[in-house]
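First to last, the protein sequences are chains B and V.
Residue 0 is where the first sequence starts when you use numbering that gives the first Met the number 0, and the numbers rise one by one after that.
Residue 0 is where the second sequence starts when you use numbering that gives the first Met the number 0, and the numbers rise one by one after that.
Please keep in mind that the hints were generated in silico from the structure rather than gathered at the bench.
Accuracy of the hints is not assured; some may be wrong.
Stated by the list, open to error - Derived Cβ-Cβ restraints for the label pairs, each shown as a range:
(1) B:Thr-154 x V:Leu-23: 28 to 38 Å
(2) V:Val-78 x B:Ser-155: 25 to 35 Å
(3) B:Val-168 x V:Ala-88: 38 to 48 Å
(4) V:Asn-77 x B:Glu-99: 31 to 41 Å
(5) B:Ile-68 x V:Ala-110: 23 to 33 Å
(6) V:Val-30 x B:Ala-120: 41 to 51 Å
(7) V:Gly-48 x B:Ser-125: 27 to 37 Å
Positions of the beta carbon are idealized from the N, C-alpha and C atoms, including for glycine.
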Amino acid sequence: MSAAPPLRHPGINLGPAHPETEEKSAELLFGFWVFLMSDAIIFGLLFATYAVMLHARAGGPGPEQLYDIKSAFIETLALLSSSFTYGMASLALKYGRRHEWLIGWLVATMCLGGLFLRLEAQDFISMFHEGAGPSRSGYLSSFFALVPLHGLHVTSGIIWMLALILQIVRYGVDRDVKLGLLRLGLFWHFLDIVWVAIFSFIYLGGLA
Amino acid sequence: MSASEQDARGNRAEYARELRGYLLGYGLAIVLTLVPFGLVNWAALRQYGLYVAIGACALVQVIVHFRFFLHIDPPRQNVDDLHLILFSALLLFFMVAGTIWILASLAARLA
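Excised from the complex, chain V in its bound form (with noise of 0.2 Å):
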């Protein structure tokens, strides 16, 4: 077998798996929109339960997208990579809850 034939099956494989991966991401990314709208629009939990469902098919969604779309792959990735999505999901996290956090309690003070 010649240099570039194994070149060319080496592509192939790599082309099957990355393909797998994107229709991967996109059956899972689909269930994970089914779901909830499926109970939201049959109203099939009680208001707290559809709050929690949503919630963790929207962290698992993001998840999906991240890894098979972004190609966010810890093993594999560049160290700068993931420190920079973990310290800008860690700011998030801080201005979001703290935003939520001080208002909802000024608006029960001012109640």
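Same shape as in the complex, but just chain B (with noise of 0.2 Å):
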């Protein structure tokens, strides 16, 4: 490993086969960089704010009554094999020669994100009928702040990526488009990290 390069921003870095990119790469990725990590202040907040709210129910259902660990587990196996998925696209970025690779490993992608919002729909829909909409309690208000917030990340993900498929047939893989998948990846991988916080303290932690 230490024979590897230094890095020149987050992320996979394309290196000297991509010199269109080399100018610009580091100054909009550190950018999207600070994005990112205000977005975290915002995420840790609302879990904060869901750990003072855990106790206020309000004489309504609490975790044990509401979350399915099947479920979970299994959105949790889809978005992190989505991460898995973008970053073998992200290899076919960077060494591939062709367009088919990179584009079929980002539908993969798309297919398990748009999996993972499905499952994730359901459970909200099965709490509703339950009676455990955001109204419910100051404990599902702050659940509905945070777990659905995380989902929107997720499916404007998944529109962004479409938009960059769109574009890569349309003008091929120009500097641009580059850019356009350096970032999604950052935003991508950080919302796993996201998931992986929601999975452990929400779910996990609430069934414990």
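Mind assembling these two chains? They're in different frames, but the hints should get you there.
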């Protein structure tokens, strides 16, 4: 590992084989990293709010009645695997000569993200059916402020990915597409880290 | 050996190295997901032990994601990126720990 070159910015570095991105990538990705860190602060404060509100149930249901460990587990595997497939897309971008692999891995990532969202939506709908909507108690308000906000981020990541695939089809893998894919990679892997905190502290912590 | 052949060989070695990184990260993350889910599902520890195990696995998994997916590797990293991560982590710690501390203390006084 010691032979590896220094990293100019967070995320995969495309290196000298992609000279057109070299000039702008460090600056653009640092800026995007600043945004991600501020997003992390928002999520962190929503976690703190959830921790404070956890026992404010107003006689309503608690985590033991509402969370389903099996569904949280499948959601976790789907999102984790989507992070891996995005990594494979990044390698296809960096080393691949043709675009089919890149697009294939991106489509796989979108499908796994879509599966995650579908399962999460089912969880929320079944909570609503049990009368456990955000207005039921302080605990549920804080739950619905935090977990669906992450789902919304995943949704916007999928829309962004679709836009980049269309750009690849229309314009090819040019400089702007490469820089977009590098930023989306940071965003996507960051969302998986937020999900690690959600499944650990909210779902597993609530069921332990 | 021509220069382009040398290039291709260096490329292949670097590709193999980066692919190994992603595979290792994915494997570690899967294990660090299976362990806490298994412990909670089969209630393998007392409650306090479960909380410690979940927290420890989450912390290690976050580090694994940073290292293998976001490619944050301190000795090789740009100093500005590292400072930003550490400063954000510090802010996050103050805000989260401070919120929980103050509001839990307030709740205890009001109870």
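Hints, verified against the model:
The supplied range of 28 to 38 Å is met by B:Thr-154 and V:Leu-23, whose beta-carbon atoms lie about 30 Å from each other. Checked against the hint of 25 to 35 Å, the C-beta distance between V:Val-78 and B:Ser-155 comes to roughly 31 Å, which is consistent with it. A hinted range of 38 to 48 Å holds for the C-beta pair B:Val-168 and V:Ala-88, which are about 39 Å apart. The supplied range of 31 to 41 Å is met by V:Asn-77 and B:Glu-99, whose beta-carbon atoms lie about 33 Å from each other.
For the pair B:Ile-68 and V:Ala-110, the supplied restraint of 23 to 33 Å holds, since their beta-carbon distance comes to about 31 Å. In this structure the supplied range 41 to 51 Å is violated for V:Val-30 paired with B:Ala-120, their Cβ-Cβ distance being about 28 Å. V:Gly-48 and B:Ser-125 have their C-beta atoms about 30 Å apart, which keeps the hinted 27 to 37 Å range intact.
Hint violations for this structure: number 6 only, all remaining hints satisfied.
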